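Engineer: In case you want the letters, here they are:
2 protein chains.
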Amino acid sequence: MTKKFNKISVPGFLANGISVGIKGGTAKDLGLIYSTIPAKAAALFTKNTFKAAPVLIDMERIKKGMAQAIITNSGCANAATGKEGLQDALAVSAALAKQLKIKEDLILLGSTGVIGKKLPVKKIEAGMSKLVKGLNDSGIEDAETAMMTTDKYPKIAIRKGIVGAKEITICGIAKGAGMMEPNMATLLTYVMTDALIDSKALNTVFHQAIDATFNTISVDGCMSTNDTAIVLANGLAGNNPLERAQARLQRFRDMLCEVLNELSHSVVKDGEGATKFISILVEGAKSRSDARRAAYAIANSNLVKTAFFGADPNWGRVIAALGASGIPMEKERVSLFFGDMMVYAQETGMNANLNDLRKIFQKDRIDVRVSLGGGDKSYCVYTSDLSHDYVKINAEYST
Amino acid sequence: MTKKFNKISVPGFLANGISVGIKGGTAKDLGLIYSTIPAKAAALFTKNTFKAAPVLIDMERIKKGMAQAIITNSGCANAATGKEGLQDALAVSAALAKQLKIKEDLILLGSTGVIGKKLPVKKIEAGMSKLVKGLNDSGIEDAETAMMTTDKYPKIAIRKGIVGAKEITICGIAKGAGMMEPNMATLLTYVMTDALIDSKALNTVFHQAIDATFNTISVDGCMSTNDTAIVLANGLAGNNPLERAQARLQRFRDMLCEVLNELSHSVVKDGEGATKFISILVEGAKSRSDARRAAYAIANSNLVKTAFFGADPNWGRVIAALGASGIPMEKERVSLFFGDMMVYAQETGMNANLNDLRKIFQKDRIDVRVSLGGGDKSYCVYTSDLSHDYVKINAEYST
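For the record, the sequence lines run as chains Y and A.
Heads up: the first sequence at position 50 corresponds to 49 in numbering that gives the first Met the number 0, and the numbers run straight through without jumps.
Heads up: the second sequence at position 374 corresponds to 373 in numbering that gives the first Met the number 0, and the numbers run straight through without jumps.
Here chain Y stands alone, though its shape is the one from the complex:
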């Protein structure tokens, strides 16, 4: 029913991305997404105590459930910038409202880059007219590119499908690379759809879909000051309206999950320095939160992550990380698998063939499965390895 399309556009959405010199070179660093009519909007934000200025503004504006534009800069997070940072973000918003001739409170803001740096408002204002004039119906990739920092490639996912008797489109873009953790929505994720949907239903399914996708990934266990996920739904598909507790809303949610799942996996694969994609499934837990805690303990262990990078079949580190997670376990019931190979059960290593195990560790994708044998709850986390390049990228990031 769903498939990918080469043409990246969503009815009623225009976008653009340009360079205004925030990053200091000619790389795109200012992006805009614009719906030709005001759209239903929902969002999730970082739980970090030190939320960036754009996050604080968006949290207020999203309360009315409507938005029409999202402007995003890379090269500066506008975080830890205090009142001045808020004024700077509001100046950007005012300048954009004037150009777009829309109400300022329909504008959402995003920033990503170095924390503690002042936003170069004049550069952004100087580029605003060009940014708006260049809006076009195939500008989504440019908008995405403008929010990249250490990302190696743009991340876009799109699905079309019949929902409520009409074809609808859902397109998502994401900026990731580092600083990704549970309990939020990774760095910046924006979803555009032409589906006609009730506000409460949109808010509910977006939270569910983010929880099922972006909240199951981790690159380095760090949670940033700027993480934001926003969905805009402009209703131009003219489908039968989607409301809560409908079968067609489930269909919409499934499509949304597909888009966000593809994006979240792209984010892991493009994690800073990542050379491998690793799934960590913890099953047989008494509760989902136990399974989650154990899966993240393994996913965020530097010793586990470096073993994957080195293709060193040092499976004992997974057991050590699991045991350090602190979740209740009957340890004699715990078993550990890599792919289909059982390496540990009944408190004992299974004398696994290390050469076979090494071959599994050498693959681009590694599937780790921990069975706790204590219940029927599970959780799966997706993560990357810890490589020389992670250290290199992050040792030199701000300078």
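These aren't lab readings, by the way, just hints derived from the structure by calculation.
Certain hints may be false.
Where chains are identical, the list cannot tell them apart; a pair therefore holds if satisfied intra-copy or between any two copies.
DSSO-like, lysine-lysine: derived pairs with alpha carbons at most 30 Å apart [said to hold, decoys possible]:
1. K358 <-> K117
2. K391 <-> K358
3. K268 <-> K391
4. K391 <-> K362
5. K165 <-> K362
6. K6 <-> K285
7. K97 <-> K159
8. K121 <-> K330
9. K362 <-> K376
10. K285 <-> K46
11. K97 <-> K358
12. K391 <-> K151
13. K46 <-> K117
14. K376 <-> K46
15. K391 <-> K97
16. K330 <-> K116
17. K82 <-> K376
18. K63 <-> K376
19. K129 <-> K199
20. K102 <-> K63
21. K100 <-> K268
Remember, it's a predicted structure, so these values are computed and weren't measured experimentally.
Once you've looked at the hints, dock chain A against the given chain Y.
Structural biologist: The following block gives chain A in isolation, referenced to the frame of chain Y:
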């Protein structure tokens, strides 16, 4: 009152360390500490669910508060080895008891190395006679060397001082390098003293001293299956007995803390790949546990650790890690210092001179101070940076 001595020996203690081929080469890998008379003993162990075989045995034996010998191998953790691992450890203990002609339950065991590998008992048994015959009063360094894995140098600290009208000696040895976390006693730490001390008093001060020293360090936030800290006190100094609630017990505890503090800092400095020693002080907290949680959140952030390695003055990452810690804070009261330089206060970066800040980041020792302005509790954690060598060492560890 206290000073270091070149001669590493403790009255009534003999030690030795030899190679029996567990590591596969000629490196020392089997060490023994022996008190000529049974000693009072106390210990702390890892909280990992999957405790290694020697840990399980020691936890039982320590209950009677007496021990006379500690035998330790490197090259194999004897963890995740099940019942067979327990039998192997008991075989080592039996062979040693026979050689030393002491009761088996006076022997404590330690292992460190790869998890999931079977203990080569025959090699250990074959070397037992040589190990025991070579016991001597200046063998402590050999015993320490025999428990090194990725450690670059042996870690020994010694203090002598007058306590209870007699000179007593306290000597500690530690094996560290990686897998170090709060809530335990780092990998292997053994303390020998000739002080005459009551069992309960020994147990109390040892827990206090470990809590104040080894429980304030972190290298990579991983907690191992084997972590053990043991103190043996043989009483041969003939001092006035140390009991609870005495001034002279405080003096003993201070000396013990000095020894353990020196060892724990050595462990951080010799952390895998470490190029810097970093202190992270969180003060002005409402509770010590809040301060501790915040300090460890910063210490264990890969983004913070890589910035230190790269001498990249990216202070915003400390703010992001603090904000992600989840402790309650009034964010407008939070300030951040590196050395004496304030870089952040009142929600805003202080426009610190980045060149001056870079100079601080380039030093071998970096002192980070977070003031929460919300109370009078504090906690200081010591950690190392995250370097290329950490990745290199850990990507190739087991093979």
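Engineer: If a hint holds in the structure, say so; if it does not, say that too.
Structural biologist: Hint check:
1. Taking identical chains as interchangeable, the C-alpha atoms of K358 and K117 lie at most 30 Å apart only when they sit on different chains, with a minimum of 22 Å there against 48 Å within one chain.
2. In this assembly of identical chains, K391 and K358 lie within 30 Å of each other by CA distance both inside one copy and across copies; the values are 27 Å within and 20 Å between.
3. Taking CA atoms no more than 30 Å apart as the test, K268 paired with K391 passes in both settings, with 17 Å inside one copy and 21 Å between copies.
4. In the homo-oligomer, the alpha carbons of K391 and K362 lie at most 30 Å apart both inside one protomer (23 Å) and across protomers (19 Å), since each shortest distance falls under that limit.
5. Taking the shortest alpha-carbon separations for K165 and K362, neither the intra-copy value of 42 Å nor the inter-copy value of 64 Å comes in at or below 30 Å.
6. Taking CA atoms no more than 30 Å apart as the test, K6 paired with K285 passes in neither setting, with 45 Å inside one copy and 55 Å between copies.
7. In this homomeric assembly, K97 and K159 never come within 30 Å of each other (Cα to Cα): the closest approach is 33 Å inside a single copy and 77 Å across copies.
8. Proximity of K121 to K330 under the C-alpha cut-off of 30 Å is restricted to the inter-copy arrangement: shortest distance 28 Å between copies versus 60 Å within a copy.
9. In this assembly of identical chains, the alpha carbons of K362 and K376 lie at most 30 Å apart only when taken from the same copy (28 Å versus 48 Å across copies).
10. In the homo-oligomer, the alpha carbons of K285 and K46 lie at most 30 Å apart both inside one protomer (26 Å) and across protomers (21 Å), since each shortest distance falls under that limit.
11. When the C-alpha separation of K97 and K358 is checked against a cutoff of 30 Å, the pair qualifies neither within a copy, at 59 Å, nor between copies, at 45 Å.
12. For a Cα distance limit of 30 Å, the shortest separation of K391 from K151 qualifies both inside one copy, at 15 Å, and across copies, at 23 Å.
13. Taking the shortest alpha-carbon separations for K46 and K117, only the intra-copy value of 22 Å comes in at or below 30 Å, while the best inter-copy value is 45 Å.
14. For a Cα distance limit of 30 Å, the shortest separation of K376 from K46 qualifies both inside one copy, at 26 Å, and across copies, at 24 Å.
15. Within a single copy, K391 and K97 get their C-alpha atoms no closer than 42 Å, and across copies no closer than 54 Å, so neither meets the 30 Å cut-off.
16. For a Cα distance limit of 30 Å, the shortest separation of K330 from K116 across copies, 18 Å, qualifies, whereas the shortest one inside one copy, 49 Å, does not.
17. Proximity of K82 to K376 under the C-alpha cut-off of 30 Å is restricted to the inter-copy arrangement: shortest distance 29 Å between copies versus 45 Å within a copy.
18. Proximity of K63 to K376 under the C-alpha cut-off of 30 Å is found in neither arrangement, the shortest distances being 36 Å within a copy and 41 Å between copies.
19. Taking CA atoms no more than 30 Å apart as the test, K129 paired with K199 passes in neither setting, with 36 Å inside one copy and 77 Å between copies.
20. Proximity of K102 and K63 under a CA criterion of 30 Å is satisfied intra-copy only: 13 Å inside one chain copy versus 76 Å between copies.
21. For the homomeric pair K100 and K268, neither the shortest alpha-carbon distance inside one copy (39 Å) nor that between copies (59 Å) is at most 30 Å.
Violated hints for the displayed structure, listed by number in ascending order: 5, 6, 7, 11, 15, 18, 19, 21.
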